[in-house]
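A.B. asks: So the protein lines, in turn, are chains A and B. First residue of the first sequence? That's 1 in the numbering used here, and the numbers climb one at a time after it. First residue of the second sequence? That's 1 in the numbering used here, and the numbers climb one at a time after it.
Among these hints, one or two may not hold up.
Claimed, not checked - Partial list, computed: chain A residues near chain B (C-beta under 10 Å):
hint, residue
1, A16
2, L23
3, N25
4, G98
5, I105
6, R109
Just so you know, these hints were derived from the structure itself, not from any lab. We put the beta carbon where it would ideally sit given N, CA and C, even for glycine.
What follows is each chain in one-letter form.
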Amino acid sequence: MSATIARNVNVPVSVALGARNLLKNIRAPMLITASLLQPLIWLVLFSQIFRGLADTPAFRRMGYGSYLEFLVPGMVVLSMLFTGLQSGLATSTDIATGMMEKLLISPIRRSRILAGRVIADAVTMLLQGAVILGAALLMGARVRTGWVGAIALLVGATILGVAWASVPNLIALRTKNAELTMVGGLLLTLPILFLTPAFFPEPLLPQWIRAVASANPAAYVIETGQQLMSLGNDWGQDVRTLVALGATIVVLVPLAVLASRSAAE
Amino acid sequence: MSTTESRPSDHSSSPERSDVARPPEQRSAIEVEDLVKVYPGGKTALAGVSFSVDRGEIFGFLGPNGSGKTTAVRILVTLLRKTSGITRVGGFDVQARADRVRDLIGFAGQFVGVDDDLTAQENLTLGGILHGTPYGAARRRAGEVLEIFSLADAADVRAARLSGGMRRRLDLAQAMVHGPTVVFLDEPTTGLDPQSRKALWELLRHLSENGTTVFLTTQYLEEADRACDRVAILADGRLVKVGTPRDLKQEVGGGRLTLSIRSEADRTPALQVMASIPNITRVQAGRPGEPLVVYVDDPSTSAPSVLKLLGAEGIEVASLEQAQASLDDVFLRYTGERPRVEDRVEGAVSTGFASVHGGGRPH
Chain A
1 MSATIARNVN VPVSVALGAR NLLKNIRAPM LITASLLQPL IWLVLFSQIF
51 RGLADTPAFR RMGYGSYLEF LVPGMVVLSM LFTGLQSGLA TSTDIATGMM
101 EKLLISPIRR SRILAGRVIA DAVTMLLQGA VILGAALLMG ARVRTGWVGA
151 IALLVGATIL GVAWASVPNL IALRTKNAEL TMVGGLLLTL PILFLTPAFF
201 PEPLLPQWIR AVASANPAAY VIETGQQLMS LGNDWGQDVR TLVALGATIV
251 VLVPLAVLAS RSAAE
Chain B
1 MSTTESRPSD HSSSPERSDV ARPPEQRSAI EVEDLVKVYP GGKTALAGVS
51 FSVDRGEIFG FLGPNGSGKT TAVRILVTLL RKTSGITRVG GFDVQARADR
101 VRDLIGFAGQ FVGVDDDLTA QENLTLGGIL HGTPYGAARR RAGEVLEIFS
151 LADAADVRAA RLSGGMRRRL DLAQAMVHGP TVVFLDEPTT GLDPQSRKAL
201 WELLRHLSEN GTTVFLTTQY LEEADRACDR VAILADGRLV KVGTPRDLKQ
251 EVGGGRLTLS IRSEADRTPA LQVMASIPNI TRVQAGRPGE PLVVYVDDPS
301 TSAPSVLKLL GAEGIEVASL EQAQASLDDV FLRYTGERPR VEDRVEGAVS
351 TGFASVHGGG RPH
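Build out the structure end to end from the sequences listed, making use of the hints.
C.D. replies: Next comes the structure, spelled out in structure tokens:
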């Protein structure tokens, strides 16, 4: 009978945990602000530094608009990567404060803890992406594919961000150490971003980076975002990106689930 | 509260939580047989521990640091896997039916499991929701529990802004907000001021009278003496003694005399004199420079005769102190060590209290 009760509140438990995680982001906004400010600063800086690139024949031949528009998807993805890192940090904080133990001895399924994390991460990432895109629009960028394209970019990047968040969470659950989570997550974040066409169009990248990028899901999301921003929709590209995201989820999420199961020795 | 009452497993609030509702073998709230825990590194924390705790009992687990108390609690609350043995809570196997066990238990560990960014009320409401209480009822229940733990004024204060003592109380409140049948408390009075500790013991007594089982670990022997129905003494991963505080104290004798002899040369003759006195249970010889501890049936009648006999032998006594036996003595006898000085009752309270309030937090 108590099992029935537990089942009846399954959805509220993950929502309650999600709300709790979001509330923490709002009440202690330092980290979240940092993960929003960094991409915003980069957006302003890099769009100025590389402005000249947009005037080169090679760039112009590819049909992109301004360099700012080209840069937006990479910065949206960067904010999601940072937020994924913070998701792992939040988990290590919960471990350190004993909150995780409270959750582990509650009569709820382990998946609810994970779901609460995913809900909070996804909402945070969507809002952050929207702020960065909004800032770019204020700076004069336009989305060629309109609202639909803008939303597709944000949703795609959020899915990538949530899947990526399994990595910092995995480190947090295995090491139970905030510093290691921070260092490990940061170490991976920038290579993931730089091994993509985030700053330079793919044909301008060295051969080896193009090879690595073809296995980097972030590269697919960013390239699709650039398409949606400046060139118009390309269904072939969309499908490739969806396959890449699907593969990422299939690989990463079970790892995080396994780690959360083994959190109780 | 209504949801909680409809749960068959919960009998804290219903007066007819009769044994009819449960099979007789579930009369024990906690059953542990031959429990062994060997950590991956090879360290044996529990080397075959057996005991059972009746429903409604307050059971104290005593032992020095590193004796395995916390390991036992963590296994019973489903946080740690045992190596071998049988562990049941509320009749359910702790490992195989962890889901049912989690339904029944409340737990406050040594870490304060409170979310700093949530208010006291939000923390407790979340606790209720995690145990299947709908939001509205969980919020109401949180309010009631805040009242019980004298935290009503702090309901809307974020946990980070609470004093150490208040956070500790909030943690304890969280262990009980969902009306658990079996409450596990790992050193619950650490960090509490004397008044809060007294209130906690009263609350635990009240819960126990209403059928809730309380399992706690402590190093505060006087408290265990006063508050626990039974205590178990754990040393090096083994239970050395289980019984009521009264039985255990009787075993070491009704009281003790602490004697300092003037001259160290008289130590051995003094011990010989003691050996000839009939109602002395045991003598703790001590090292040179330390006093002799003499366990006797009745300290007030034995003191004069001990002094007289020592005097007859020309042994000079510098000081003599008499006291009723306490769990300290039981502990000393079975574990061979006194609890560390800072863990002893009065010192720990005042230093703990001072550090909590010297931390510069408001309230």
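A.B. asks: Failing hints, ascending?
C.D. replies: Violated hints: none at all, because every hint is consistent with the structure.
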